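K.L.:
Letter by letter, the chains look like this.
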Amino acid sequence: MIRGTFLKELKELTRDGRVRISFIIVLLLLLAATWISKNQYEQTNEQHHQAETSERDIWEGQGSKNPHSAAHYGTYAFKPKYPLSLIDHGVDKFTGTSIFLEAHTRNEAQFSKATDQTGLARFGELTPDFVLLFIIPLLIVFLGYNAFTKEREMGTLLLLRSQGTPVWKLILGKWLSIFLPIGGTVLVLFVITGLVLSNLKDFGVFQWDSLGMMSLVYMAYYIVFINLILLVSSKVKKSGISLVISLSIWIMACLVVPKAASNIAESTHPYPTRQEFVANITKDQQNGLDGHDPWNKQARELEQQVLKEHGVDSLEQLPFNFDAYRMQKGEEHTAEIYFKHYNYLKTQFEEQTGLYRNLAVLSPFLPARFMSMAIANTDYATHWDFADSAEKYRVELQAFLNGDFAENSSFGEWSYRADASKWKELPAFEYDPPELNETVGRNGSNLMILSAWVLISFSLLFFTTKKL
Amino acid sequence: MISTDNLTMKYGETTVLDKLNLTIKPGELYCLLGANGAGKTTTINLLLGFIKPSSGSAIINGLVVAENVHKSKKNLAYIPENLMLYPNLTAVENLDYFSGIGGKSFKRQELEAFLEEAGLQADAFHNRISTFSKGMRQKVGIALALAKNASVLLLDEPTSGLDPKASNEFGILLQKLRSNGVAILMATHDLFRAKEIATHIGIMKNGQLKQEFVASEITLSDLENAYLSTMGFKEMAV
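Here the protein sequences line up with chains S and R, keeping their order.
Sequential numbering from 1 applies to the first sequence in full-length UniProt numbering.
Sequential numbering from 1 applies to the second sequence in full-length UniProt numbering.
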């Protein structure tokens, strides 16, 4: 009976021209978006590879020079493009692709795609995540809004009821007739994407289990939508009313709640303005050790402390170059200041994320979106992770350079030049994004909320619909 | 077998069916006559379990319907006034689906045989229902009763809106089912058709069964007079 209802519904859907056309349009959109993303991914990956190689060549080829000059000369940390960003672009467009690593300053990621775009970017882009998160739920609305109301309006419900059919079997048949075509199509596209990714050269950290997890998240998201739309259709009498309510659910879940959640999160846990942030860092720096200024109060204190520790009377008697030592201490102090202020930003970000997660009870879109971005390594958390890794590398880079300067020269010997081969000793920057289980663990609450949406919507559909 | 035992239905203070007692044995075709609001459709809805009686019981093949809503429908077929089927499916597909959810499974040839037996022309078997007339849809309903091997058939004004030829064909089909031992209850306004095909006739008014006849024992004009006088149109009775 469930199979019979499923096959009947499927026949009806495929014979309905509107449904056929909508389905084909969505399929074409998804294919086009995937194709565009694949090209972008390949192009970006190639650019990333080129930039990384040439920057390393520049670093290694800078010749013999003072290590502190090399510290100011700096280098770049490039953010890798991850394979699943082909499906979910996340916040990649806004976060920047590279961080300039230099002495004394923690720079932010720059060259974001958004800054290269014109005002037309406000219209958005055709990406797979746009189709998966917005368009497919809309297709579910159009497929399911009249699942039960049409039976009422056509009068077939009377005949159905007279057959003594348990209501849950009818519901399940109709549920399958929407879920299987949607789920099947999406699954096939995910598999195709997986095959494309695994056959690309230099496909990075692509893993089938991440793709599998992502597809499960989307399936859960669609299940919630199917349940809600069928629930509405089973409760109201007219298709028109069902369509209006179903569309309202879509608008609320996909458009209103996420935007309202952003506004609430931003106003409840605001970030400082750029001026405030920079001013606070500058203030702290002014009150601390300046590695470049030997007359700075803290520098004089450090000098006295070091002389005492080594039991000598002058800086020239120290077994290392005190200028380099002071610069390293100044660097460590600056890093602490940056750590403190960026940590505040991170705390605000985590508070905002927490609030977002709480608001996820209002819309299945939020947990699905967060999970999808996290698995694709295109969420803010991954960007923070990358920025922290780059900062760690910057601090290590400064220690490497100041260490060489301190050990191989004496106080006041600013003419010291490190050998041209020195720069090769610095290991290249490498960043590995979080593993899947770490990502899933970090998003446990999103997973729980999405699961709760699935269970509650299933219960509402099957346990509150006893009679049609 | 169909029976009702003091079957009563009230909506608030209004009694729409008042202690109805009916028995329709296998091979009998009982026509319930009455004006709109007499309680005919309520009786059928109670026998189908669509609504629960206020008191008394509706019984199908020995099963109290209110207590066996799904089970009582196993060998029951129902044809409403306007039998609606899925317009985008063919006659065979509709029959396949409805007999399937009724718990029966048939091969395509068997389904075609039921449709043929119900009098549907062969070239319409694989046409979509959206192209069917009401008479053709009613035939699919009969085919469903045949496919379900129903021992009970409930019909709610099935011939209303049918042209005389289609109505006559439908009557012949019902006769055929009756002679096969099916117990049939048909609510209708059509006195002529009732006299022609029924074995028993009842006249209802205001939720009460006012008169009952054995169809073979009454003439059409006597039935007409009885109906009109029951309805309160004594001056029109001959």
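It should be emphasised that the hints constitute simulated quantities derived from the structure, not laboratory data.
Predicted model, so just to flag it, every value in this text is computed and none were measured.
Each hint should be verified, as a subset may be incorrect.
In the DSS-like style, the derived pairs of lysine-lysine whose C-alpha atoms are separated by at most 25 angstroms in a straight line are [unchecked claim]:
#, chain 1, residue 1, chain 2, residue 2
1, R, K165, S, K466
2, S, K466, R, K205
3, R, K104, S, K11
4, R, K165, R, K134
Some residues of chain R that are not near chain S, with every Cβ distance over 12 angstroms (derived) [said to hold, decoys possible]:
#, residue
5, K74
6, E93
7, S105
8, K148
9, S160
10, K165
11, H189
C-beta atoms are modelled at their ideal positions from N, C-alpha and C, and glycine is treated no differently.
K.L.:
Compare the structure with each hint and give your call.
P.N.:
Results for each hint:
1. R/K165 x S/K466: Violated, because 42 angstroms separates the two Cα atoms, which is more than 25 angstroms.
2. S/K466 x R/K205: violated, 34 angstroms
3. R/K104 x S/K11: Answer holds: R/K104 to S/K11 is near 20 angstroms, not above 25 angstroms.
4. R/K165 x R/K134: This hinted pair holds, its Cα atoms lying about 12 angstroms apart.
5. K74: violated, 6 angstroms
6. E93: R/E93 not clear of chain S: closest Cβ-Cβ about 7 angstroms, inside 12 angstroms.
7. S105: violated, 9 angstroms
8. K148: violated, 8 angstroms
9. S160: Fine: 14 angstroms to the nearest Cβ keeps R/S160 off the interface.
10. K165: Holds: least Cβ distance 24 angstroms, greater than 12 angstroms.
11. H189: holds, 19 angstroms
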